[in-house]
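**Student:** When we follow the numbering used here, the leftmost residue of the first sequence carries the number 1, and every step to the right adds one.
The set of hints was computed from the structure by calculation and includes no laboratory data.
Each hint should be verified, as a subset may be incorrect.
[As the list claims (entries may be wrong)] Below, simulated DSSO-like cross-link-like pairs (lysine-lysine); rule was C-alpha separation at most 27 angstroms, straight line: (1) 129 - 141; (2) 171 - 141; (3) 171 - 69; (4) 141 - 99; (5) 99 - 129; (6) 335 - 351; (7) 69 - 118; (8) 69 - 129; (9) 99 - 69; (10) 133 - 118; (11) 301 - 171; (12) 69 - 141; (13) 99 - 133.
These numbers were taken from a predicted model, which means no experiment stands behind them.
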Amino acid sequence: MTELSHPDRQAKVEAIRAAGRDPYPPRGVPAEAIEALIEAGGTPEEPGPRIDTEVTVAGRLLGMRDFGKLIFAPVLDRTGRIQVGLRRDALTDWWPQRKELDGGDLVAVTGTLGRTQKGQLTVWATEVKLLAKAVAPPPEKWHGLVDVEQRYRRRYVDLWASEGVREVFVKRSRMLSLSRRFLEERGFLEVETPTLHPIAGGATARPFVTHHNALDVDLFLRIAPELYLKRLIVGGLERVFEVSRNFRNEGLSVRHNPEFTMLELYQAQADYRDMIELTEALVSMLAVELTGATEVPFRAKAYDLAAPFERGRYDELFERASGVSLFDEAAVRQKARELDAEVPAELGHFKQVDRLFEILVEDELDRPTFVTHHPAAISPLAKVDPDNPDFAERFELHIGGMEICNGFTELNDPVEQEERFRAQVASLDPESPGEVDIDYIQALEYGMPPTAGLGIGMDRLCMVLTNQDSIRDVLLFPTMRRRPAQVSEEASSPDC
RNA sequence: GGGCGCAUAGCUCAGUCGGAAGAGCAACUGGCUUUUAACCAGUAGGUCCCAGGUUCGAGCCCUGGUGCGCUCACCA
Numbered sequence: 001m002t003e004l005s006h007p008d009r010q011a012k013v014e015a016i017r018a019a020g021r022d023p024y025p026p027r028g029v030p031a032e033a034i035e036a037l038i039e040a041g042g043t044p045e046e047p048g049p050r051i052d053t054e055v056t057v058a059g060r061l062l063g064m065r066d067f068g069k070l071i072f073a074p075v076l077d078r079t080g081r082i083q084v085g086l087r088r089d090a091l092t093d094w095w096p097q098r099k100e101l102d103g104g105d106l107v108a109v110t111g112t113l114g115r116t117q118k119g120q121l122t123v124w125a126t127e128v129k130l131l132a133k134a135v136a137p138p139p140e141k142w143h144g145l146v147d148v149e150q151r152y153r154r155r156y157v158d159l160w161a162s163e164g165v166r167e168v169f170v171k172r173s174r175m176l177s178l179s180r181r182f183l184e185e186r187g188f189l190e191v192e193t194p195t196l197h198p199i200a201g202g203a204t205a206r207p208f209v210t211h212h213n214a215l216d217v218d219l220f221l222r223i224a225p226e227l228y229l230k231r232l233i234v235g236g237l238e239r240v241f242e243v244s245r246n247f248r249n250e251g252l253s254v255r256h257n258p259e260f261t262m263l264e265l266y267q268a269q270a271d272y273r274d275m276i277e278l279t280e281a282l283v284s285m286l287a288v289e290l291t292g293a294t295e296v297p298f299r300a301k302a303y304d305l306a307a308p309f310e311r312g313r314y315d316e317l318f319e320r321a322s323g324v325s326l327f328d329e330a331a332v333r334q335k336a337r338e339l340d341a342e343v344p345a346e347l348g349h350f351k352q353v354d355r356l357f358e359i360l361v362e363d364e365l366d367r368p369t370f371v372t373h374h375p376a377a378i379s380p381l382a383k384v385d386p387d388n389p390d391f392a393e394r395f396e397l398h399i400g401g402m403e404i405c406n407g408f409t410e411l412n413d414p415v416e417q418e419e420r421f422r423a424q425v426a427s428l429d430p431e432s433p434g435e436v437d438i439d440y441i442q443a444l445e446y447g448m449p450p451t452a453g454l455g456i457g458m459d460r461l462c463m464v465l466t467n468q469d470s471i472r473d474v475l476l477f478p479t480m481r482r483r484p485a486q487v488s489e490e491a492s493s494p495d496c
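Let the sequences and hints guide you as you build the complete structure.
**Tutor:** Have a look at this one:
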């Protein structure tokens, strides 16, 4: 037992046991979805087919309004909420047990679907069963859980005590299943690739390091599935995708969590332009399916997610915003000094350009926009633009100042890929991989067809589609520091 | 990691100038058969985040720490 357990409620548990009943019975009760009953109840003017029939609902008792010989109480299940009416006349045998119930308890109620004098749809109970006693009291009924720390740490309370929370996560789940269906309809195969990587590749990020005892090797939690998925393209699967949990050992913010979900996909015989079109089709479909329209509210603004989205070349956006050419190293350096945004010189000129690009362009890209043709120097896995080899056949989708997607025509020349990997490893960037992924180069040596790939940050896309300001509000259990109390509690009193 | 802010009853929050720890909801007792955050009367409930310091006296002032939020840096 913990400090949350309330003595009055514990006493009720004991009283129920003393009376020979089980406060935690092993079996539930078959019940109907509340949402369906509300639908089948009709309106006060036009009663539906289930009015005056016997129904059973099961769920959490959210409170009780006790009138002495009559009690009204809302019951919540996964689909909705309905009122139950407990009358002494109809529950003669059970009536003395009513004091054993508290708000927060899990119950099953059988009765007749009807209405109150004011027309409220109500299950008039003929049978009440306690399914599980809540010894911890629920949060205040009107405000719910508003302390954000408590909401994230106790999501199991937040989901039923705070308005709209469950809806966000239902939408997130639908977003994933709609995306899967969308890709499967286009011939993509869902695959699973390793989470434990011997080399942290496919992105530029600090990895989490772990150790495998039997093999006695250090392994990295994946920062991206990219290099494995492209091996599968070499393997002839041609169209693959993975819903990939990625791990990056970096800071937390309103848009960053150390573990996050990317939908990454690769398609043979496609290039970056096909990926742009696929992105537009997927995102606008999700907007319609989840919100009912292509125009979605986000951060007190309206975002139009109808295809096509705006497009802008990286170099043009950069030069328009900064007033300098991105090839002019002296001018770029000068601009960086002005903005107090200098990066170490050893990381290279285009890292500095990209740093300025983030400040001057990305943060201002509010409306859905594809940025295209990033510098090849910062796109080591992308094919260069044949018309202009300084730039890559690459794009990113930005919405509301956030990068949502990243995609490109994949580099499939093994010699060029090896050169780019070697340049990365040689650079002094602490986030570069520590060694060249020779196995990946060898895969390319067997021949990878012309291929394009795309990665979508599903958490951020979910933020936009559910109008949540923080990534933590679209993660069921966002990463949190462990509380000292949790540590000492277990260490000092294991028998509690 | 830096800056700013928050931490008081199970929950949501007041707490004035440094002078006896408060309210609503939840709980408990009693009343009430159609409520909609039901209502009425009563009872109980506190490590004021933690540790120091200043003071006759600290929820309040000072120092350090912990947790969380926002923000900057890093990143998607």
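**Student:** Against each hint, give a clear statement of whether it holds in the structure.
**Tutor:** Hints versus structure:
Annotation: proposed proximity of residue 129 to residue 141 holds, straight-line Cα distance about 23 angstroms (limit 27 angstroms). Our distance criterion of 27 angstroms between C-alpha atoms is met by residue 171 and residue 141, whose separation comes to about 25 angstroms. The straight-line distance between the Cα atoms of residue 171 and residue 69 is roughly 41 angstroms, outside the 27 angstroms bound, and the hint therefore fails. The suggested pairing of residue 141 with residue 99 holds, with an alpha-carbon distance near 19 angstroms, which does not exceed 27 angstroms.
Pair hint residue 99 plus residue 129 holds up; C-alpha atoms about 13 angstroms apart against a cutoff of 27 angstroms. Restraint check for residue 335 and residue 351: satisfied, since their Cα atoms lie roughly 14 angstroms apart, inside the 27 angstroms limit. Our distance criterion of 27 angstroms between C-alpha atoms is met by residue 69 and residue 118, whose separation comes to about 18 angstroms. Simply put, residue 69 and residue 129 have alpha-carbon atoms about 18 angstroms apart, close enough for the 27 angstroms limit, and the pair holds.
For the hint pairing residue 99 with residue 69, the CA-to-CA distance comes to about 12 angstroms; that is within 27 angstroms, so the pair holds. A hinted pair counts as satisfied when its Cα atoms are at most 27 angstroms apart, and residue 133 with residue 118 does not qualify at roughly 31 angstroms. Annotation: proposed proximity of residue 301 to residue 171 holds, straight-line Cα distance about 20 angstroms (limit 27 angstroms). Distance restraint check for residue 69 and residue 141: the Cα-Cα separation of roughly 23 angstroms lies within the 27 angstroms cut-off, and the hinted pair is therefore satisfied.
As the CA atoms of residue 99 and residue 133 are separated by approximately 12 angstroms, the hinted pair is consistent with the 27 angstroms bound.
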